[in-house]
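Those sequence lines, one after another, are chains A and B.
The first sequence: position 26 = 156 (our numbering), numbered continuously.
The second sequence: position 138 = 142 (our numbering), numbered continuously.
Keep in mind the hints are simulated off the structure, nothing from the lab.
Even for Gly, the Cβ is constructed at its ideal location relative to N, Cα and C.
Where hints are given, some of them may not hold.
Stated by the list, open to error - Going by beta-carbon spacing under 7 Å, a handful of chain B positions derived as facing chain A:
1) 164
2) 186
3) 289
4) 308
5) 361
6) 364
This is what each chain is made of:
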Amino acid sequence: MTTMSSAEPTRRDFLYIATGAVGAIGAAAAAWPLISQMNPDASTVAAGAPVEVDLSPIAEGQVIKVFWRSKPIFISHRTKKEIEAARSVDPSTLPDPQSDEARVKPGHDQWLVLIGICTHLGCIPLAHQGDYNGFFCPCHGSQYDTSGRIRRGPAPANLPVPPYQFTSDNKILIGATA
Amino acid sequence: MSAHSTYQPSSPFLKWLEARLPIMGLVHASFVDYPTPRNLNYWWTFGGILSFMLAVQILTGIVLVMHYTPHEAFAFRSVEQIMRDVNYGWLLRYLHSNGASMFFIAVYIHIFRGLYYGSYKAPREVLWILGVIIYLLMMATGFLGYTLPWGQMSFWGATVITNFFSAIPVVGDSIVTWLWGGYAVGNPTLQRFFSLHYLLPFVIAGVVVLHVWALHVAGQNNPTGVEPKTSQDTVPFTPYATVKDSFMLIAFCVVYAWFVFYIPNYLGHADNYIQANPGVTPTHIVPEWYYLPFYAILRAIPNKLLGVIALFASILILAFLPWLDTSRVRSATYRPLYRQFFWIFVAVCLGLGWLGSKPAEGGYVIAARILTAWYFIHFLIILPLLGLIETTKPLPNSITEAVLGKSAGRPSLKAAAASPEHRG
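Bound-form chain A, shown alone:
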């Protein structure tokens, strides 16, 4: 420790700063792999590749569940009544305003594809239940409509639509952006 303060930086000041800087960079470089190792590993990322689903066995009114990236994906073959119910409300009155048209692919209005994870705390909602006959989360009572939009309850957002595209009229590829 130097007892006198001089305006001129000394060689000792330089050594202090250099030692501190190298030490801080070294500590950060050592911390990085310790933190990074907790992120999904290469095999998990590779297993998250797009999955193809054949829609032809799904009857009208039926909801099936497939897995993509360990997440349940709901594929709903909606009835006319369900589509009408989803389109009869004014989107601006909803907690998370979005039109039903924006949540399906044009020309495929009957097919609703959703990530089946409640946007509240991650439970899996039940299909064809709740006051809106859409999806109902048993954990904390969130109610979604036939378009998977949040209508009532603690969930802050609509059930998200995963990236997907139609590869033919009867097949979709989940995880692929067109």
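Got chain A sorted already, so can you dock chain B onto it with the hints?
Chain B in isolation, oriented as in the chain A frame:
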């Protein structure tokens, strides 16, 4: 911990050791000679019980790990194997799972004891905050451990709790993916939870050492809240406190054994005997009983981010208690108004616990909102105000006077003028 000691090494070896590492003197000063207020009641025995429970959990945990496999494909089966095939495996697992509940029963009694007798007030703020840290670590450890059997409640409990962090704006989802090590709770999650569940009890043990250290610097509070002033006010830790603690510990163990041997699954959930299924959420998902009041607070608030903030705030607010309570009188015995509000607060906590176990609908939600509001009003409005408006009862001049009456208290009057913070 305590500086003075009358410890005299009794053998040449102990004399030799003491000169090199004065550990026996430290133990003697802390647990034999240590002056403890003469009026401590049975509510003061839960610190010792908690130390015992920590030791039980570490011991049973270490042997359970000899048979458990932390892998999504084997975890559930290895737990069933412990229950059916391992010698006394059922006993060891029931001791560990019910041990967690007994640990929390003891810590809640310990915390409410502190609340009633004002044990968090100067000069014991750091002691109290260390206790809050231990409580937080206990909650984390309990949650991590509950995930390990990989039953339905394990899986979905882990999903719901980790999703708390998704409420954080912008980076929430990235943090949750980082916590999971995947796109959902899965094998990487189970393995890291196992690693941390093994680590945290030793961290707790470390903080307990600091907690006991801080206790021995400030000295124990007592039912009057009046600091000991003369040696008349205290008795040596051994045998007085040792025997009292031991008696209550054995009584506590009888209750513990009753749970383990007669109703080992009473505090658990049947759903956790179904192996984890990432595709189906149980219809009625509730956490372990010791988290229920906080779960009720979470669900009472109809906004995700605010709900999570309220949940964490309801625990962290305890750390600020020494400054929220403005009254200079410690013990509720001499605070007639606070005593009433204390019992209302106990009822509110029990009520929140009950509501946390009920479905989040209708009247339950309304009741949970009222009680949640009261929980925060108690800390943020009632406690600061009471210190200003409450007329407290006259404090006894000393612990001895409180115990034996005025005549016996006389000799200590002179000592009362001395600094109350100074410990003999």
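Do the hints match the structure? See the list:
Satisfaction of the interface hint for residue 164/B is found here, the shortest Cβ-Cβ separation to chain A being roughly 4 Å, below the 7 Å cut-off. Proximity of residue 186/B to chain A holds as hinted, the smallest CB-CB distance being about 5 Å (cut-off 7 Å). About 5 Å separates the beta-carbon of residue 289/B from the nearest beta-carbon of chain A, less than 7 Å, and the hint is met. The beta carbon of residue 308/B comes within 5 Å of a beta carbon in chain A, closer than 7 Å, and the hint placing it at the interface holds.
With a cut of 7 Å, the hint placing residue 361/B at the interface with chain A is violated, because the nearest CB-to-CB distance is about 14 Å. The closest approach between the C-beta of residue 364/B and any C-beta of chain A is roughly 5 Å, which is under the 7 Å cut-off, so the hint is satisfied.
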